[in-house]
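*Asks:* Next come the chains, spelled out residue by residue.
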Amino acid sequence: MGIRFILMVNKQGQTRLAQYYEYLTLEERRALEGEIVRKCLARTEQQCSFVEHRNYKIVYRRYASLFFLVGVDNEENELAILEFIHLLVETMDRHFGNVCELDVMFHLEKAHFMLEEMVMNGCIVETSKANILSPIQLMDKAS
Amino acid sequence: MNPFSSGTRLRDMIRAIRACKTAAEERAVVRKECAAIRAAISENDQDYRHRNLAKLMFIHMLGYPTHFGQMECLKLIASPGFPEKRIGYLGLMLLLDERQEVLMLVTNSIKQDLSHTNQYIVGLALCALGNICSAEMARDLAPEVERLLQFRDPNIRKKAALCSIRIVKKVPDLAENFINPAASLLKEKHHGVLLTGIQLCTDLCNISAEALEYFRKKCTDGLVKVLKDVANSPYAPEYDVSGIADPFLHIKLLKLLRVLGQGDADASDSMNDILAQVATKTESNKNAGNAILYECVSTIMTIEENGGLRVLAVNILGRFLSSRDNNIRYVALNMLMKAIALDSQAVQRHRATILECVKDSDASIRKRALELVYLLVNESNVKSLTKELIDYLEISDPEFKGDLTAKICSIVEKFSPEKIWYIDQMLKVLPKAGNYVKDEVWHALIVVITNASDLHGYIVRSLYRELQTAGEQETLVRVAVWCIGEYGEMLVGNAGMLNQEDPITVTESDAVDVIETAIKCHSLDLATRAMCLMALLKLSSRFPSCSQRINDTIIHYKESLVLELQQRAIEFNYIIEKHQNIRSALVERMPVLDEATYSGRRAGSVPAAVSTSQGAPLNLPNGVAKPTAAPLVDLLDLSSDEVSAPSSSGGDFLHDLFGVDLPPASSQPGGNHAQKSGTDVLLDLLSIGTPLAQSTSMADMLSSGDENKSPADILDKLGSPSGPPSQASPPVGSSSMMDLLDGFGPVSSVPENNGPTYPSLVAFESSSLRVTFNFSKQPGNPQTTYVEAQFVNKSPNAYSNFVFQAAVPKFLQLHLDPASSNTLPASGNGSITQKLRLKNSQHGKKSLVMRIRIGYKINDKDVLEEGQVNNFPRDL
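Protein sequences appear in the order of chains A and B.
For the first sequence, UniProt numbering assigns the number 1 to the initial residue and increments by one for each residue that follows.
For the second sequence, UniProt numbering assigns the number 1 to the initial residue and increments by one for each residue that follows.
No lab work stands behind these hints: they were computed from the structure.
Just so you know, even glycine gets a beta-carbon here, dropped at the ideal spot from N, CA and C.
Careful: at least some of the hints might be erroneous.
Said to hold, decoys possible - Simulated coverage check for chain B against chain A, where a stretch passes if three residues somewhere in it have a Cβ under 8 Å from a Cβ of chain A: (1) 72 to 80; (2) 100 to 111; (3) 160 to 171; (4) 233 to 241.
To be verified - To give an idea of the chain B side of the interface with chain A (calculated C-beta under 8 Å), a few residues: (5) Leu96; (6) Glu146; (7) Cys219; (8) Pro247; (9) Asn290; (10) Ser361.
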């Protein structure tokens, strides 16, 4: 419902973060990722950020070398999802400070924690950066 | 330090993987790591557990199987420290899913964690539950989650709300428990809780109607107030996105209002003000603002009618459409498709902009715009729209051409005001994009052409002209060749000239030239060339002066290496040389194809069936004909055992007319069964070279077509049930064919006796009635017996309402066909016949036996006769 999956993929097509909110087997995931990434990476800057794939839509945006792809149901508001992607990037930026692809790679679990605070079961939970980051900051302080 | 020991830190492993240059290297590294991790797991190593799990997650993300780590997750979750728990839960969510049984083991841990004192741990547990719980877990833990909905900490409340959504989805019965708590969540101040509370309410409304009612009554006003507050709220740095306070909350509120207002006038009324305010006051120069406007428009379109608001909405959409941002335009096009259902006038105003969008450089926008245009078409604007679309067809991308062609063709078909316009448009489309035109489309075109008898001359001349310039477009060539074949004399004689035509002189040999060029062209496929041969045959009859030349061409193809062409060539040549007298009768004009039947067939057919109705040539037992046969097909469909028709559910009967599958297996099994408009059906009639079995099956088909249930079937008239099955009475139309059959003496009188014969049996006899059974069997099918029952009235009074019923024991299957009539004339002056089919699953061990019951009315009195038939021949 709502969001089906969130992927972060670099320009070469390697997955840097994958969070699925519906069940797919491993082969299905790889096939899906391959297909979608090919489609999105082939598009130019001027084209719109929404791609229709099978029975759902992909909303994507490129930030430096990372593509953020979010797969959503057909009824979802695409512009809102674009906002959400931006919110995600800003949150990570606030936490890591000038976030880049390597940050996501080496601190994968932190990125996951952040995402978990923001999206649960395909629905957006929290949109305030402070609220999202506070448990993570607490954990960092404790460990 | 050995980089592959389990002591590796996560980042070192990542570095090692990144350093791999090839996939094989990467696999090797991953394998070593997995081995190390597995070793660590079996040793029950505590210290590095969470590190190992982190590594496992990374490996999982790369796409390698990691199920051996699942138990590790459980152990980590059960450990007391927070970091371990954290990683454990994360691993749980990534590596496991609700279908694994391992999940059940976690239930207890989660339950304990839900009551933990540390609220972060409670949050973790809620998160995990909310993401992957299964139905059983949901049921078990629902009460806990309910309690947590009222927890003091807002973070927990918000997570509990989302968790409840999943629970309610998994176990809809529990929905009632959550209605009240959900309603109280709507009064929260904390945005996070509010957001999730609204989400919960929306989902509850979707799942349970009573929840919808409840929320509608109690909460609509409250929600309107909340939206007002949010919209008017001052600058709040935390939730601000580019100047707008918490757009996500706006959007979710609008969505819930949409659900509540849909179908309910009161609720819709209360929302009108706030919707108007949001629609007018929101800034639209930022994406966030546009997102809100989009949602607002969507809501306005869905709730009950309010003229002013609707106008507002359509204006916003118009503004979106002219924006330069592709995203916005895409979204606007999407919305307009829904708006059309409500207010098509308003959308028509934007037609020009939408047409522009069809030509846009962005594929997604093009697609949406095309669909929208398709919805916009009506009788008044169809001509201009089609013109634009066809003009664009020329310059469009190849990937897009297919879609565009399909849409143009269906628009043209649905809305064409007059036949000539339809044909004109198709004549424009075919040369430009003939290769993309689907078969059913050009078949439909042919149907229309045959019906437009006054336009035949015009059509064939236009096609001739087009063919000169665009001879590579497959479909164009097919249609043109067919028409030239059929209406050749009109082409040459300039018959039926319309006012707007320029005169064109075409000699007979020009026409033949054109077809010969087509047949020699190797880029055209087999079906087209086969059609060319057929057209040549027709022309040889219509243009006697070219007959010799045509014959020479055909002789040339007698040596073709392609079976289809060779066969046709041989047979046509035979006709031309030896059967001059019947040639003209053979290639007479096609009868007018019935548009109504055809469009009915098409409407009823499964779209996929059209081109996939081929399959392998099926070897069906005689008499199992296709259930939805079009009358004309059965008539012509003589060698039909292998014809695709049975698998085409209703599909394209014209395509059977152009007889796709080749003549039956006597020549080649599993032969050429690609989609070809191959054998013109008339050909089957002339299967001179094929053995008698072919003709026998032909007669069988005619007669056993009785088994066919379709009442509208011409075949009912054909193989009249009252007569013995072997006699085929003259069919409707195409009398020439039956004459031919008569000409082939042995064929027509071959009775349906292709098996051992059995003596007929008097099954039942009383003073007033005699029932006789005639048997026949199929040669390859000893278990099935076809019985023809004949009823004779021995009394001097006629019987009416005659009904025959039969019952058989379990090892037999009985199938009764309708009787020839239900009135039995007196004193044996006529009889009723009825066919039965008996299948004996114990054939050879038990013989047939049957109980029969006959009911009829004599002099307005009902009579019932019963009996048992025991005297069936033993070996049936």
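*Asks:* Could you work out which of the previously given hints the structure breaks and list their numbers from low to high?
*Replies:* 1, 2, 5, 6, 7
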